[in-house]
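Student: Protein chains in written order, with my numbering: chain F, 1 to 385; chain G, 1 to 289.
By construction, these hints were calculated from the structure, which means they are not laboratory data. Careful: at least some of the hints might be erroneous.
Taking beta-carbon pairs under 7 angstroms as the criterion, some of the chain G residues facing chain F (in silico) [to be verified]: (1) Thr22; (2) Ile65; (3) Lys87; (4) Ala88; (5) Pro91.
Below, a sample of chain G positions facing chain F; criterion: calculated Cβ distance under 7 angstroms [stated by the list, open to error]: (6) Ile62; (7) Arg92; (8) Ser93; (9) Gln230.
Glycine included, C-beta positions come from ideal geometry on N, C-alpha and C.
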Amino acid sequence: MSILYLAFAYLRFHWIRSLVLVLVAALILAVPMVSHTLLRGSQEALTNRAEATPLLLGRRGSQIDMVMNALYFADERATPITMAATEEIWDSGLAIPVPLHTAFETNGARIVGTTLDYFDYRALEVADGRQIAVLGEAVLGAAVAQRLGLGPGDTVVSAPQNLFDLDGVYPLELKITGILAPTGTPDDEAVFTDIKTAWVIAGIGHGHDDVVSVDASDENVAAAASLLQFNRITPDNIDSFHFHGDPDDYPVSSIVVSPYDDRSATILRGRYLDPENPLQMVVPSEVIGDLVARIFRIKTLLDAVTVIVGAAALAAVALAVFLSYRLRAPEMRTAFKIGAGRGTILRLLGAETALILSASAVLAALCVILVQSRGDRLVAYLLSL
Amino acid sequence: MRWIALTIALLTAAPLAAQDRTRIVAVNHPLAYFAKRLAGDAAEVVYPVPEGRDPSFWRPGIADIAAIQQADLIVLNGAGFADWVKKASLPRSRIVDTSRGFAGEFIATDTVTHSHGADGAHSHTGTASYTWMDFSLAERQAEALSISLKRMLPEADVDPVLDALRNDLQALHDRATEIAARLEGQTLIASHPRYQYFARAYGLDIRSVSWDAGAAPDPAQIDELTGLVQDTGATIFLWEAAPPEDARTAVTETGLRDVIFPPLAVPGPSGDFVADMNAALDRLAALSG
Numbered sequence: 001m002s003i004l005y006l007a008f009a010y011l012r013f014h015w016i017r018s019l020v021l022v023l024v025a026a027l028i029l030a031v032p033m034v035s036h037t038l039l040r041g042s043q044e045a046l047t048n049r050a051e052a053t054p055l056l057l058g059r060r061g062s063q064i065d066m067v068m069n070a071l072y073f074a075d076e077r078a079t080p081i082t083m084a085a086t087e088e089i090w091d092s093g094l095a096i097p098v099p100l101h102t103a104f105e106t107n108g109a110r111i112v113g114t115t116l117d118y119f120d121y122r123a124l125e126v127a128d129g130r131q132i133a134v135l136g137e138a139v140l141g142a143a144v145a146q147r148l149g150l151g152p153g154d155t156v157v158s159a160p161q162n163l164f165d166l167d168g169v170y171p172l173e174l175k176i177t178g179i180l181a182p183t184g185t186p187d188d189e190a191v192f193t194d195i196k197t198a199w200v201i202a203g204i205g206h207g208h209d210d211v212v213s214v215d216a217s218d219e220n221v222a223a224a225a226s227l228l229q230f231n232r233i234t235p236d237n238i239d240s241f242h243f244h245g246d247p248d249d250y251p252v253s254s255i256v257v258s259p260y261d262d263r264s265a266t267i268l269r270g271r272y273l274d275p276e277n278p279l280q281m282v283v284p285s286e287v288i289g290d291l292v293a294r295i296f297r298i299k300t301l302l303d304a305v306t307v308i309v310g311a312a313a314l315a316a317v318a319l320a321v322f323l324s325y326r327l328r329a330p331e332m333r334t335a336f337k338i339g340a341g342r343g344t345i346l347r348l349l350g351a352e353t354a355l356i357l358s359a360s361a362v363l364a365a366l367c368v369i370l371v372q373s374r375g376d377r378l379v380a381y382l383l384s385l
Numbered sequence: 001m002r003w004i005a006l007t008i009a010l011l012t013a014a015p016l017a018a019q020d021r022t023r024i025v026a027v028n029h030p031l032a033y034f035a036k037r038l039a040g041d042a043a044e045v046v047y048p049v050p051e052g053r054d055p056s057f058w059r060p061g062i063a064d065i066a067a068i069q070q071a072d073l074i075v076l077n078g079a080g081f082a083d084w085v086k087k088a089s090l091p092r093s094r095i096v097d098t099s100r101g102f103a104g105e106f107i108a109t110d111t112v113t114h115s116h117g118a119d120g121a122h123s124h125t126g127t128a129s130y131t132w133m134d135f136s137l138a139e140r141q142a143e144a145l146s147i148s149l150k151r152m153l154p155e156a157d158v159d160p161v162l163d164a165l166r167n168d169l170q171a172l173h174d175r176a177t178e179i180a181a182r183l184e185g186q187t188l189i190a191s192h193p194r195y196q197y198f199a200r201a202y203g204l205d206i207r208s209v210s211w212d213a214g215a216a217p218d219p220a221q222i223d224e225l226t227g228l229v230q231d232t233g234a235t236i237f238l239w240e241a242a243p244p245e246d247a248r249t250a251v252t253e254t255g256l257r258d259v260i261f262p263p264l265a266v267p268g269p270s271g272d273f274v275a276d277m278n279a280a281l282d283r284l285a286a287l288s289g
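For reference, chain F alone in the conformation it holds in the complex (with noise of 0.2 angstroms):
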C-alpha cells in the first residue's frame, strides 16, 4: 500500500510528464481499438443500408456515386435523370419507385426531395411533430434537429446552388414541421421535403403576385421584371404556386426501386442492361460489397501499419521510461542509503509504470466506448461527408 502511495505521490509531484506519458500510452492504445471500431460500423452501415435497398435507377455513370449520394446524401452530384423514369417503373407494375431530389442543402445538411413513400420504406417516423403535409414543409433528422437546435416550427432556407447564379436557384424557406425519430442511419442528417418542394426550389415550380396585364391580349399577359416571386410558402399564397412544364421531365436525382418480387426485379434489370441506354440500375448490395471489399483490403495494410507504427510508439515510450530511470539514479541511490533495498526500489518503479499503464488503459477504454455509443451517428456523419 505504502508503494502505491509513494509512486502514485511521485507521479502527481511530476504530474506533467506522468499526464503526456499516459496519453501517449492511450493513444498507442486506443487509436487502433477506435478504427476498428469505425471501419467495423461503416460496414455494417453501408452493408445494411444497401442491402435494404434492392436497386437503384439513375444516370448510367458512377455507380459508387450514384449509390454514396442515394443511399448515404453524400456531396457527390447526380447527374439527374427525369420523373418520366418514375413513370415507367409505375407503369411497368414490377415495382415500387421512390424519387430521391438531392440537389440542394441547408447549414451543411442535404435537402432530400422525396415521396412519402420514402418514410414508409425506411421505416422513418416523426418522434415530435407532424409529418409534412404541403409544399414548403419539411421534417428534420433526428442529428440535424440536434446539431441546429431547431424543432417543429423553425424554419430552415435552402442554400443557393452557386453563388454566382443571380437568375437560378433562389432560396427558399422550409418551414419544419416535425423532427425524425433517430435510426443511427444518413437518414438522421437530413432535411426532408416533398420532392414538389424541391422542385420549387429548383425553380421549375414558383408563386408570384397577381400577374399584371401589360400590353397584352386576353390570353397573352406580360408581367413586369419586378413581379415579386415568393421564397417562403405561406396558408396564403400557396394557391399561387405552380409549375411549369412537363412533369415528365422533372429532375430526380436517383430513384429507389422496390421490386415486388424477385422474377420483378429480374425483368426490371434486364431492361436497364443496354450500354446504350443513358439510365442505369444497380444493385446497391453488390456495388457496396465490392466497396466494403476495397476498403477491407487496404484495412490489412493499414493494420501492418498501425502493428509497425505503434510498436515504433511503444518503444519511444519505453526509451522515455528507461531514460527517466537513468536520471533518477541519484534519487535511486539516496532511497537506498536512507534503507530502501533493490527490491523495494524496483517494486516503487513497477508500481509507477503499472498506474500509469492503467490509467491509460483507462482512458483509451473510455474513448472507445465514446465511439462506440456514438458509432452510429458518427459512421452516418462520416458517410454523408
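Assemble chain G onto chain F, guided by the hints.
Tutor: Just chain G now, kept in the frame of chain F:
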C-alpha cells in the same frame, strides 16, 4: 428476401397500423361510388369534401391532408380535378390516378401565356376535368380503380361487381347516345363549363357560361346569356345544380327551356350515381322530344 418483406410492409403495414379497416378516400362522388360498389364491405370509403363544397376547388386543411395521408388507397380523378393534390404530400404507392390511362384523350381548355421579367414567356394550359361525364371513360376509370382494389383487397370478389358496374355505365352511355341523337343540330348552354367530355362523347354542341352553382345570376350574366342565345340559337339550358326560382324564370324568359342536369361530382339526391345520372338523363330526354 428482406427487401421483399420491406416492400410488403410498405404496401400494408403503415396504413394498417393507423386503422383496422381498410380505408379508401376518393376525391369526388363518382369515384367514391365506384369504390363503394367494387370494395363492398371490405373497405370503408370516404368522400372527404364537406357538404356544400365543390370538390373541384375544395382546399383541404392540414388535418384533412393528414387524415388522407393515412388512407390505404387514395383515388384521384386526374385531369386536373382537385388541384390541391399537386400541392399536398401524398404517398404515391397508395394513390391511383384513374384517368392516367387515357391522359392523351383529355380536353384542353383555355391557355394563358405570361412571362416573368426576362425569363421568357410560358403557358398554362387548362384541362377539362369532369372525365366521367363520358361514360365510356368512367368505365375505364372504374377499371383502373379495380386493378388497385384487387391488389389491395385480395379477399374481395371485385370482378363480378366490376362487370355489373360496367354494364350500368354502358347502359348510361347507350342512353346518352340515344338522347344526343334526338338533340342533333341543337345548341345547349350550360351554367358552368362541366360538360366538355359529355359533349364530345355524344356529339353535342354545348356552350357554357360560368355561373356559381345554386346562385342567382346578376343582370350582366343574363345579358351575356342573352347574347349567347342570339349568337348560337341555343334552345336548352343545363343547370349543374338546382337554381333559385327567380334564376329559372330569368333563363326561361330568354326563350330557353331549362333542365337540371348535375354532373354529380357531389352526391345526388339518392347517393346512387347510376340512379341519379339516369334521372338526369330522363329530364334531358324529356326536353329532347
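Student: It remains to establish, for every hint, whether it holds in the given structure.
Tutor: Each hint tested on the structure:
For Thr22 (chain G), the interface hint is violated, since its Cβ never comes within 7 angstroms of a Cβ in chain F; the closest pair sits about 16 angstroms apart. Using the Cβ-Cβ criterion of 7 angstroms, the hint placing Ile65 (chain G) at the interface with chain F is satisfied: the shortest such distance is roughly 4 angstroms. Of the supplied interface hints, the one on Lys87 (chain G) holds, with its beta-carbon coming within about 5 angstroms of a beta-carbon of chain F, less than 7 angstroms. For Ala88 (chain G), the suggested interface contact is upheld, since its CB lies about 6 angstroms from the closest CB of chain F, less than 7 angstroms.
The beta carbon of Pro91 (chain G) comes within 4 angstroms of a beta carbon in chain F, closer than 7 angstroms, and the hint placing it at the interface holds. For Ile62 (chain G), the interface hint holds, the least distance from its beta-carbon to any beta-carbon of chain F being 5 angstroms, beneath 7 angstroms. Hint status for Arg92 (chain G): holds, given a least beta-carbon distance of 5 angstroms to chain F, under 7 angstroms. At about 5 angstroms, the closest approach between the beta carbon of Ser93 (chain G) and any beta carbon in chain F falls short of 7 angstroms, and the interface hint on this residue holds.
Because the smallest distance between the Cβ of Gln230 (chain G) and any Cβ of chain F comes to about 22 angstroms, over 7 angstroms, the interface hint for this residue is violated.
Violated hints for the displayed structure, listed by number in ascending order: 1 and 9.
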